[in-house]
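Engineer: Chains as they are written, first to last, in our numbering: chain A, 1184 to 1380; chain B, 1184 to 1380; chain C, 1184 to 1380.
Watch out, some of these pointers could steer you wrong.
Copies of the same chain look alike in the list, so a pair counts if it fits in one copy or across any two.
[What the hints assert, rightly or not] Result set (DSS-like, lysine-lysine): computed pairs, CA atoms no more than 30 Å apart in a straight line:
#1 LYS1212 to LYS1310
#2 LYS1284 to LYS1273
#3 LYS1273 to LYS1301
#4 LYS1352 to LYS1212
#5 LYS1284 to LYS1301
#6 LYS1310 to LYS1352
#7 LYS1301 to LYS1212
#8 LYS1284 to LYS1212
#9 LYS1273 to LYS1212
#10 LYS1212 to LYS1279
#11 LYS1284 to LYS1310
#12 LYS1352 to LYS1284
#13 LYS1273 to LYS1310
#14 LYS1273 to LYS1352
#15 LYS1279 to LYS1352
Read the hints as simulated data drawn from the structure, not as lab findings. These numbers were taken from a predicted model, which means no experiment stands behind them.
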Amino acid sequence: MINGQIAVSEAMEGRLSPEMSALQEQVQKLQAELQAVRENMPDNRLTMVVFSGDLDRVLAAFVIASGAAASGMEVSMFFTFWGLTALRQKRQSAGKTLFQKMMGWMTPVGLPGMGVSKMNFGGIGAKMLRAMMRQQSVPQPEEMAQMARDLGVRMIACQMSMDVMGFHKEELIDGVEVGGVAAFLGEAVRSKSTLFI
Amino acid sequence: MINGQIAVSEAMEGRLSPEMSALQEQVQKLQAELQAVRENMPDNRLTMVVFSGDLDRVLAAFVIASGAAASGMEVSMFFTFWGLTALRQKRQSAGKTLFQKMMGWMTPVGLPGMGVSKMNFGGIGAKMLRAMMRQQSVPQPEEMAQMARDLGVRMIACQMSMDVMGFHKEELIDGVEVGGVAAFLGEAVRSKSTLFI
Amino acid sequence: MINGQIAVSEAMEGRLSPEMSALQEQVQKLQAELQAVRENMPDNRLTMVVFSGDLDRVLAAFVIASGAAASGMEVSMFFTFWGLTALRQKRQSAGKTLFQKMMGWMTPVGLPGMGVSKMNFGGIGAKMLRAMMRQQSVPQPEEMAQMARDLGVRMIACQMSMDVMGFHKEELIDGVEVGGVAAFLGEAVRSKSTLFI
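One chain only, chain A, in its complex shape (with noise of 0.2 Å):
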């Protein structure tokens, strides 16, 4: 009997083992290059550059940003160029040079003081949109964008284009984060559907 366990201990070391630590090294391989695969997946995340400052536009991009939020997606969006009208919430001219002065005169405080991308005849689109939507007991997008907020959807500033524009902080409505490309690129990497807007 000690002779036959010896045996197979033997056995098992001598014979059995290639073939099982062949298996147990193809199994850790497989759990490497799994785990490889698995963080290379994006995660449950959409990210939107909010690039057009128009009020149908970034109308749509709330209602898109606060259905994913309810659904459990992490949302972040990136605003940029005419898009920073929408993160706007006062005018303010100290600091400034005399283009971005200008710039900050000639655009929009938020969006209530945004046109519609067509048919927007100086303001009275908008005034047509708004009344529409409100005939439906559709929220406003002033409302739609404070429900995107509420539900956590993440709103980053441009850097370049604050700079470039002369938008400073303190002008945008708070909770805003300040952002660059590349903050952009690691979020849309990681999400399932990225949109330019």
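Use these hints to put chains B and C onto chain A, whose structure you have.
Structural biologist: Here is chains B and C on its own, set in the frame of chain A:
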């Protein structure tokens, strides 16, 4: 011999099984994890939001949709805001508010009434684009749209936009589905690419 | 001993192998499935459709492209419709229809001729944007485009748009590839993000 076999059996259960059952557990865990990864992988699917009502942008959407469907992808197009006009087949005023009637009259009925996004000059730009396409034997926008439908591209009209703008389902072309932002997100998260056009 | 070894050997083949070969099969199946998943994973890649011919939008595209390429991503930009004008380096009328000649004369030659999408006022808006960028020591749009090229961003001109609008390859800047919707989709499905700009 009989004793030897018992010894082997015991040895296998007593000495081999720990390794073996550890491996089995690891393999089962791998199978479960891989299954989770596979369920989280995007389908061979393309989703688009068609927000624009400009002929050139809508045309680009249909060209991409047809190409994707022809290559075997599942394609869904969500028409929202101005994009809804691409799905209209007639004007109708019954059961609409004044603003909805105005919206209905001022916006195009399908692709034939659409202008291009730049240099439209009251419709001349759209006519010129169509003529240039004809001269190069490129199918007209309406044919591109029909091709997309024939290839199984799903067309979904945005419920909220229909409500606000007052476009009723019977005004839209046949075969159009109606859905909301949740339906869009459900497709987008399973898609390899999502475009906002 | 010899008998014992035979017994072990038989026992292993007769009793152990079923478990072992079952495990081996499972591991092989896992390997194949994981390989399929890996082939279906997106590359570290970003694909863009540049549809717009507005300086601000094209600039945003180049900024994102440069940032992505600098971070090690493979980046492809597909220029279509108005976006094609970003790739032009000269005007040429030979071998064009009347409409194509008109199109060639009415559209900008590269970024220097482009206006901005809002408040352009016949080119003043574009000049103002350029001045504001200069004042903040932000590279000019042409430098951003060159940076993208230097970083290995691929620029692909849409074949169908070239045919329709009559832009010949020799009118475009050097190093531009020509491709169709199939080429775009081939890149898009392997990309982590796809943007329509």
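Engineer: All the hints need checking, so say for each whether the structure fits it.
Structural biologist: Each hint tested on the structure:
1. Taking the shortest alpha-carbon separations for LYS1212 and LYS1310, neither the intra-copy value of 62 Å nor the inter-copy value of 58 Å comes in at or below 30 Å.
2. Taking the closest pair of Cα atoms, LYS1284 and LYS1273 come within 30 Å of each other only inside a single copy of the chain (13 Å); across copies the shortest separation is 36 Å, beyond that limit.
3. Taking CA atoms no more than 30 Å apart as the test, LYS1273 paired with LYS1301 passes in both settings, with 26 Å inside one copy and 21 Å between copies.
4. In this assembly of identical chains, LYS1352 and LYS1212 lie within 30 Å of each other by CA distance neither inside one copy nor across copies; the values are 49 Å within and 49 Å between.
5. For the homomeric pair LYS1284 and LYS1301, the shortest alpha-carbon distances inside one copy (27 Å) and between copies (17 Å) are both at most 30 Å.
6. With identical chains, the CA atoms of LYS1310 and LYS1352 are at most 30 Å apart both within one copy (29 Å) and between copies (25 Å).
7. In this assembly of identical chains, the alpha carbons of LYS1301 and LYS1212 never lie at most 30 Å apart, being 57 Å within a copy and 55 Å across copies at closest.
8. In this assembly of identical chains, the alpha carbons of LYS1284 and LYS1212 never lie at most 30 Å apart, being 60 Å within a copy and 61 Å across copies at closest.
9. For the homomeric pair LYS1273 and LYS1212, neither the shortest alpha-carbon distance inside one copy (57 Å) nor that between copies (55 Å) is at most 30 Å.
10. In this assembly of identical chains, LYS1212 and LYS1279 lie within 30 Å of each other by CA distance neither inside one copy nor across copies; the values are 58 Å within and 60 Å between.
11. In this homomeric assembly, LYS1284 and LYS1310 come within 30 Å of each other (Cα to Cα) both inside a single copy, at 27 Å, and across copies, at 16 Å.
12. Within a single copy, LYS1352 and LYS1284 get their C-alpha atoms as close as 15 Å, which meets the 30 Å cut-off; across copies the closest is 43 Å, which misses it.
13. Taking the closest pair of Cα atoms, LYS1273 and LYS1310 come within 30 Å of each other both inside a single copy (21 Å) and across two copies (26 Å).
14. For the identical chains of this complex, LYS1273 and LYS1352 are intra-copy neighbours only, at 11 Å inside a copy versus 42 Å across copies, given an alpha-carbon limit of 30 Å.
15. In the homo-oligomer, the alpha carbons of LYS1279 and LYS1352 lie at most 30 Å apart inside one protomer (13 Å), although the nearest pairing across protomers, at 44 Å, exceeds that limit.
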